[in-house]
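Protein chains in written order, with the numbering used here: chain V, 1 to 404; chain W, 1 to 404; chain F, 1 to 404; chain A, 1 to 404.
It cannot be assumed that every hint is accurate.
Identical chains share a label here; the pair holds if one copy fits it or two copies do between them.
Derived lysine to aspartate or glutamate pairs resembling EDC-like cross-links, with alpha carbons at most 20 Å apart [to be verified]:
1) K330 / D85
2) K115 / E127
3) K44 / E293
4) K256 / E35
Keep in mind the hints are simulated off the structure, nothing from the lab.
Okay, here's what each chain looks like letter by letter:
Number of protein chains: 4
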Amino acid sequence: MSQERIGLWLIGAWGGVSTTVAVGLAGLQAGVAPETALVTSLPKFSRLKMADWSQFVIGGHEIRETNYAAEAEVLYQNSRVFDRDLLNAVAPRLAEWDKNIRPGTLINVGSTIEKFAGPKTLATRGEKPAAAIKRIRTDIEEFKKANDCAHVIVLYLSSTEPPLESDASSWDWAKLSATLASGDSSPVPASTIYAIAAFELGCSFVNFTPSVGSNLPALAEFALKQKCLHVGRDGKTGETLMKAVLAPMFAARNLKVMSWVGHNIFGNMDGKVLDDPINKANKVRSKDHLLTEILGYKPQTLVSIEYIESMGDWKTAWDHIHFEGFLGTKMSLQFTWQGCDSLLAAPLALDLVRLTEREHRRGKSGVMNHLAAFFKSPMGPHEPEFAKQFIVLEKWADEVAAQQ
Amino acid sequence: MSQERIGLWLIGAWGGVSTTVAVGLAGLQAGVAPETALVTSLPKFSRLKMADWSQFVIGGHEIRETNYAAEAEVLYQNSRVFDRDLLNAVAPRLAEWDKNIRPGTLINVGSTIEKFAGPKTLATRGEKPAAAIKRIRTDIEEFKKANDCAHVIVLYLSSTEPPLESDASSWDWAKLSATLASGDSSPVPASTIYAIAAFELGCSFVNFTPSVGSNLPALAEFALKQKCLHVGRDGKTGETLMKAVLAPMFAARNLKVMSWVGHNIFGNMDGKVLDDPINKANKVRSKDHLLTEILGYKPQTLVSIEYIESMGDWKTAWDHIHFEGFLGTKMSLQFTWQGCDSLLAAPLALDLVRLTEREHRRGKSGVMNHLAAFFKSPMGPHEPEFAKQFIVLEKWADEVAAQQ
Amino acid sequence: MSQERIGLWLIGAWGGVSTTVAVGLAGLQAGVAPETALVTSLPKFSRLKMADWSQFVIGGHEIRETNYAAEAEVLYQNSRVFDRDLLNAVAPRLAEWDKNIRPGTLINVGSTIEKFAGPKTLATRGEKPAAAIKRIRTDIEEFKKANDCAHVIVLYLSSTEPPLESDASSWDWAKLSATLASGDSSPVPASTIYAIAAFELGCSFVNFTPSVGSNLPALAEFALKQKCLHVGRDGKTGETLMKAVLAPMFAARNLKVMSWVGHNIFGNMDGKVLDDPINKANKVRSKDHLLTEILGYKPQTLVSIEYIESMGDWKTAWDHIHFEGFLGTKMSLQFTWQGCDSLLAAPLALDLVRLTEREHRRGKSGVMNHLAAFFKSPMGPHEPEFAKQFIVLEKWADEVAAQQ
Amino acid sequence: MSQERIGLWLIGAWGGVSTTVAVGLAGLQAGVAPETALVTSLPKFSRLKMADWSQFVIGGHEIRETNYAAEAEVLYQNSRVFDRDLLNAVAPRLAEWDKNIRPGTLINVGSTIEKFAGPKTLATRGEKPAAAIKRIRTDIEEFKKANDCAHVIVLYLSSTEPPLESDASSWDWAKLSATLASGDSSPVPASTIYAIAAFELGCSFVNFTPSVGSNLPALAEFALKQKCLHVGRDGKTGETLMKAVLAPMFAARNLKVMSWVGHNIFGNMDGKVLDDPINKANKVRSKDHLLTEILGYKPQTLVSIEYIESMGDWKTAWDHIHFEGFLGTKMSLQFTWQGCDSLLAAPLALDLVRLTEREHRRGKSGVMNHLAAFFKSPMGPHEPEFAKQFIVLEKWADEVAAQQ
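Model the full structure from these sequences, guided by the hints.
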């Protein structure tokens, strides 16, 4: 395994998940964080000559103005996660990385997200797509050069954007690039702007959110042209993971799911953004299609996501599954998932970065279909059942191992 | 598919699961019961030219003296399962089958089970193994002949026996058969006596309980010699099914399960028997080994099974899973499973009968490893994860389909 | 205790709660129903010379066209409540009572409720308030006479009306009666129309729903003038009962409730009506004010009520209470309430009828403040804590007992 | 209110609850801890001229050898309670109090508790009751003098002792004191030894555990003779508090509780001691009698308490209440209580100390019946329902206020 440096460029760089990514990565580099919850630390993946944690350096874009220490402190105080000793140990490294964070773009992020923007980002308001892409490119290029990175992976972790009403989903790259070049800001949201900038530079793009990102035919085309890797959407961290695990059980037993009700409450920034019904729509859609795919029919479903301030980063999901058994007998399964959102998401984000880097080292490009196990709404063809998604991932690992 | 008659010989023939098997089968034969919860009614299995429900006829052994109508009424009254209209529709058929039930054996069933025995069974007390086997054989043979059955499947559904302290698990068939022939009743429990009788007759033997049954090297040897099929143990209906489905998720995500606590409450006859700590030991053992197999390490576990009369047949399991996530953060998943025990078990028992009959028609013998998905403690080599067990079953289906 | 006949006039007479009231009352009259869940059957109340169940006869208004047997069958089939034997036993009595049901009024019931109306009720559309009141009066008078009733209690059990935007809440009786007489239908909803008709006849009026009913200054004035008893609103059957019981515990322990989230799912007709956000608003308001009254401050609250068809009459409420303990430690209490809505409401409705009849026999009139324990939003001055409400009821019982 | 110093003498002084009492008291004295969870900080009690937190000084007995900083660190690490800043702020004060802790006695504490004893306490092994009492007295007297205390309250917080088989519960003080003087160690456990020493000195004695303490006729007699206040047993912190709050609801609604199952899991030292079935017996008994007292009949009950190491100080109780409603319909209520044991207990312990000191200042002696709301098994005559216990406490407050 080469010891080249690898850039990890975070979009939404001071958000809860990004902050946890940074704290965790710094902790791993300092040898004070255990590898629990890192899929790539399982023996079947760690044998694949994964990049070492020490190789990564963090930079990114962010619309707010803050710093890692302050954001980590909020998580620590509100949610009693992290350890004071860990925070102290990683503070100098976080302060270094703070210097690599640049103002983000506000193009089509919606008014709820815009409210959080600081003065530096607000100053970019009205920027045309071409200018935004150029600015983003420059930021990443400077970072790559300054840190002597062999490769940079752009990891999209910003708050969920509102769904965009546009025809762009039926356009090819020629049409999209021409439209953007014309100064028309309407067709794509910020997440896609970042993806375009990433592909122009030959970077990989990982979309951990329900936002559109690179999930457009035009972008798929452009990624291949640029020989870039990409993958998404929406990290499968909690309730949806449970659905992808439990629904196959009902299907396999021929138990008829009549209704599946899921209520999610949490109090972090993501929750505040999702409290806006427009942003929430994107998220709920991402959580709801799964059951029909797995069961082969559509039970009555309900997914609510509510911002409850006192919960902090602790997402509690209560699901009530009502199913019909033999001879028409109605039975139920309820579960309560109490997980800390950022702490569930961050290790998966780090895993995706390592898996992407490994694939990049194999010279691959395009959508990484084998990573469906990580996403609520995987791009590309995929199995909906978690167990089968994981088997696909294991097969990929066997293939990589065979080439080593 | 031939339209020969197939005998379904139930051990514990008037128990809760058997009664539900009988009600359900009669309902399916009468076309008044839906096929929900029947795995073999899923398209991927029903295409295998499964036996038609109309081919089956029920007989069996039972230590209590009662009848299907009375037992079904108890379930109806205590647990509000079944439908009065269904019960009325199947009453004549149940009354016919009642006539095929014969007194069981009490050899090594333990004092808790013995208390339920009626006069006819009590009259057999002291019977030597050879006599018991002969009596059981005769009962089944007469039933087979009277009903003109092409094949008889013995389905073991009796209450959980106490674990037996004996060396029989290291004996070969020669030694076991000689010991039993000598009049020594000590080496094996009633479930094994029934299995021997079944194999002597060339019947298949399906053990849906944690009792030993045919799960001994001597019996495996004898089954092969007799070209018989067998499989077991302990139907995977509720909490353990959930474990086999959820534990792989924690493993795949490298989340460290620190403790897994499961409390089960229910109030049926099975619960009364399991309230005896000796009988319970067998059951708890069957529920507990799974996690270590799947996770690769042993978390602290606790499984309690308690008889709560008011619950009737409704088994409620509360599980609390405490796991460590990224950066040492402790999180939890709780679930409450509210299922009607007999209604969960009966369709699986019917599935096993159909799957066994299908395999018998292919001319196979020995342990049916491909049926591990149905059992808490599958006999023979097997995957511990439910999803992988089901893939094995699907592969078997593909193989059978290819031969058709 | 006199053995006079007492009329029980149900508004929404064939709805789920009314049907259960009718089945239960007929069962009690036939001696085939136990008195579980009847507060007035507790020794401390039964000593008060309560009316005997045999004295009651049922009539009522209803906008749908159906009958008790059909409605009871729906509850039986969908929700597995009642017993077939009980239904058979009470069928003749229910058929008699069916004959006493008359078409209701649609004045201001809202479009969601209107959709359920049958032809006879639809024929009254456009009826002016004065005509509606007269028609309702005539129906009740005829029933009273035909059945030789000493007293008639009007029990309002219809689906929740939408909140009405009108100034009527600040009017006196002179203004309200004059406005209605003028042919203006706008100021009050159907529930108030029924209350006016009841008071004109000297009947008692019990409002078991969140609808306005007699909860207006003008009606309070009119009730006193007519020497009528009345009480309401919204029977406290499940989740809100739990709040009235649990919130005082947090207050007494000085534990700070940060948030209280309640999700309710159920699938009966009431649920269908509440699925209309306009009707739901009335209900949620009735469920939400309580916590602030008891705690003395306003925690973040969320109450959702969702129609999930498969649940039938089984209302499942999941509440998550997040509270701060000593030294800022966040803790939680969750509960899951699984109750059958109509079966919880019906006995309380019957209790209210008996308690009202007893108070009527004492010659009282006006709002029955001592019945606050039965309501989510009690009319008149009252304690918000359930335990204190019950002490008030016990004191009333002592007072009545002392007079006997 | 006088500003005299008040001694708080803790038995089990370095245990989890005591450590939290010490951290909390020091935090309150330093003005860095909020008063949430302190009942005596509610306006209705704080008006009673309660002692100020600054007046208290801590000393105590303990069989282990450790210190507050180390014990607080364990709670902080295992259970993520406390705040690093709070711990830093109170460290000097805790170090002072550490100096006031003396070796405890092992008389009849049982072998499970004995295992935790350090060398200094082990050196007292074999000590006769009279010597132990004298040593304890001397320790408290020296503390009282050194700290110039106007009064000392002995607060018993040690691990639950095994039930003692002895006749002492029928003895008077003359017989008990003579027996102990004779050198016979058998009749009473350590908790009673401490109570005797406390009463000899005129101290108040508060027993927050299920151990016997002063709950013997002989001790009641001796307390009155010495004009001492005392109260107990077993702080009502979580699941039992819920029972005392919820059971009255079922009683008031005439809902028939068929079964009440409660499972408790936690992983602190108390849990380790209760994992010994002998010690657990005392605890379970304390948790179980309540329902019968409140309901007036005995439902089937089950209480389990299990040591699950990963839970640390977080006690999770799952209760399943199965009740019969109208027309025989079975319904259920489940709750999950997730509370941090020491953080729930410590404020109540501090409240009891303040309430005892206030009563002492009124010149009272004997059992404080008005404090039943704080205990699972209150000494003296008492209401079993929490709401009524709290009303008794409020009446006491009114009486005290009237005298001020």
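**Report entry** Structure versus earlier hints, numbers of those that do not hold, lowest first
**Finding:** none
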